[in-house]
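According to the working numbering, numbering within the sequence shown proceeds without interruption in unit steps and concludes at 406.
It is possible that part of the hints are untrue.
[To be verified] Lysine-lysine pairs mimicking DSSO-like chemistry, simulated, CA-CA at most 27 Å apart:
(1) Lys224 to Lys284
(2) Lys349 to Lys284
(3) Lys3 to Lys372
(4) Lys224 to Lys210
(5) Lys349 to Lys3
(6) Lys286 to Lys275
(7) Lys3 to Lys28
(8) Lys224 to Lys28
(9) Lys28 to Lys49
Hint data in this document are derived by calculation from the structure and do not stem from the laboratory.
Please read all numbers here as calculations on a predicted model, not as lab measurements.
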Amino acid sequence: MKIGVPRESGAGERRVAVIPDGIRQLKTAGAEILVEAGAGMGAFHADKAYADAGATVVSDPALLWSDADAILKIQPPLPHPSLGRHEADLLREGTVLVCMLRPLSNLDVVRTLATRRVSSFSMDLIPRTTRAQRMDALSSMATAAGYKAVLLAASAAPRFFPMLVTAAGTMAPARVLVIGAGVAGLQAIATARRLGAVVDGYDIRPAVKEEVESLGATFVGPKLSAEEAQDRSGYAKELSAEARARAQELLLARIPISDVVITTARVPGLPAPKLIPASAVAKMKPGSVIVDLAADMGGNCELTEPGTEVVRHDVTILGPIRLAGTIPIHASQMYSRNIVSFFLLMLKDGKLALDMNDDIVRDTCVTHDGKIVHAPTRERIEQPAGAAGAAGAASGAAGSARSAT
Numbered sequence: 002m003k004i005g006v007p008r009e010s011g012a013g014e015r016r017v018a019v020i021p022d023g024i025r026q027l028k029t030a031g032a033e034i035l036v037e038a039g040a041g042m043g044a045f046h047a048d049k050a051y052a053d054a055g056a057t058v059v060s061d062p063a064l065l066w067s068d069a070d071a072i073l074k075i076q077p078p079l080p081h082p083s084l085g086r087h088e089a090d091l092l093r094e095g096t097v098l099v100c101m102l103r104p105l106s107n108l109d110v111v112r113t114l115a116t117r118r119v120s121s122f123s124m125d126l127i128p129r130t131t132r133a134q135r136m137d138a139l140s141s142m143a144t145a146a147g148y149k150a151v152l153l154a155a156s157a158a159p160r161f162f163p164m165l166v167t168a169a170g171t172m173a174p175a176r177v178l179v180i181g182a183g184v185a186g187l188q189a190i191a192t193a194r195r196l197g198a199v200v201d202g203y204d205i206r207p208a209v210k211e212e213v214e215s216l217g218a219t220f221v222g223p224k225l226s227a228e229e230a231q232d233r234s235g236y237a238k239e240l241s242a243e244a245r246a247r248a249q250e251l252l253l254a255r256i257p258i259s260d261v262v263i264t265t266a267r268v269p270g271l272p273a274p275k276l277i278p279a280s281a282v283a284k285m286k287p288g289s290v291i292v293d294l295a296a297d298m299g300g301n302c303e304l305t306e307p308g309t310e311v312v313r314h315d316v317t318i319l320g321p322i323r324l325a326g327t328i329p330i331h332a333s334q335m336y337s338r339n340i341v342s343f344f345l346l347m348l349k350d351g352k353l354a355l356d357m358n359d360d361i362v363r364d365t366c367v368t369h370d371g372k373i374v375h376a377p378t379r380e381r382i383e384q385p386a387g388a389a390g391a392a393g394a395a396s397g398a399a400g401s402a403r404s405a406t
């Protein structure tokens with residue numbers, strides 16, 4: 002089997018799906034690997050390193066896409082900048098595609114993949130089980146994003162993060178509020194604490210209180226039962242109108258006293274819940290900073306502008322996109338381990354062996370044999386226009402999900 006690793010085509014994307022160590026693992030499993038020239042440059046992996054690991058470095062991207070039996074990448078298929086075609090159309094019929102497909106947000110791409118009979122697998126659908134833990138790309142990228150969000154906040158803030166005792170007097174530490182105690186939120190809490198800030202961690206799920214406090218932060222959340230606040234998988238779920246009002250009231254009381262607010266609340270495939278209205282920004286102290294990790298899905302803050310920095314009411318609001326990609330060495334290392342572990346699950350003696358009875362393979366599969374087999378995506382495609390938007394408007398729980406960044 003020939004596995005292709007293309008150069009990522011997304012604007013500003015510096016990560017690579019498989020690093021040279023991953024190439025060696027795939028070679029040992031009997032696969033032949035094609036790597037596009039320059040694919041690893043953004044993450045500081047030279048073409049020679051791939052060749053030394055046993056890959057064939059291909060200078061013509063069209064050849065790689067047409068010759069590979071399987072494509073491993075990070076971003077979902079996008080318009081190719083040099084070939085003038087969409088990457089979904091570059092795939093041969095019957096090819097396997099593994100990437101962060103985000104199917105609920107890329108319905109047109111999913112339709113194309115089904116039409117071309119591509120067997121596609123989405124790394125953001127890896128189940129949260131012990132067996133699948135080493136394949137959990139969402140958690141890997143959320144870790145990178147949560148860490149970098151705090152560094153961005155510290156750089157933008159006009160104050161020290163730690164308490165400093167100087168000859169000019171004592172400087173009080175910054176007060177940081179992290180909204181959402183998922184993987185990204187917990188990493189943000191840990192990083193802000195390491196920098197010396199006083200940290201509050203907000204979440205609607207009482208079950209995460211212990212994790213927040215173990216990192217040295219103060220847990221802030223409404224008094225809800227576990228049944229009210231989370232589903233069976235441990236994710237925040239939609240609250241009743243009364244519970245949502247209590248949660249929002251508590252959150253809005255904390256925002257004005259915070260020097261930095263980092264938001265991480267996301268709902269897969271739907272617009273991010275709006276947790277910080279413009280009126281709350283107006284009440285923040287001059288010089289405060291908001292870092293919105295849900296910017297790519299519309300943002301948790303009403304005033305967020307995706308991909309840019311704005312100042313409103315003397316508050317700096319950052320809306321970073323693909324934040325994990327700004328730490329390309331370690332983000333690529335983690336993602337490579339995730340995707341190689343997943344693909345080796347389907348590779349037997351150098352050949353593809355799809356076992357749809359395996360829960361990891363089944364749950365991550367989006368299209369196969371010309372059909373859309375991922376039920377939530379199929380239902381979204383089949384539902385009347387506008388129904389998805391209405392569902393998004395109704396999902397304003399002030400909770401947290403893992404960030405797909």
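Hints and how they fare:
The suggested pairing of Lys224 with Lys284 holds, with an alpha-carbon distance near 25 Å, which does not exceed 27 Å. With a C-alpha separation of about 59 Å, the suggested pairing of Lys349 with Lys284 is violated against the 27 Å cut-off. At most 27 Å may separate the alpha-carbon atoms for a hinted pair to count; Lys3 and Lys372 meet this at roughly 24 Å. Simply put, Lys224 and Lys210 have alpha-carbon atoms about 11 Å apart, close enough for the 27 Å limit, and the pair holds.
About 13 Å separates the Cα atoms of Lys349 and Lys3, which keeps this hinted pair within 27 Å; it holds. For the given pair, Lys286 sits about 20 Å from Lys275 by alpha-carbon distance, which is consistent with the 27 Å threshold. Note on Lys3 and Lys28: the hinted pairing holds, with a Cα-Cα distance of about 10 Å set against a maximum of 27 Å. The suggested pairing of Lys224 with Lys28 is violated, with an alpha-carbon distance near 53 Å, which exceeds 27 Å.
A hinted pair counts as satisfied when its Cα atoms are at most 27 Å apart, and Lys28 with Lys49 qualifies at roughly 16 Å.
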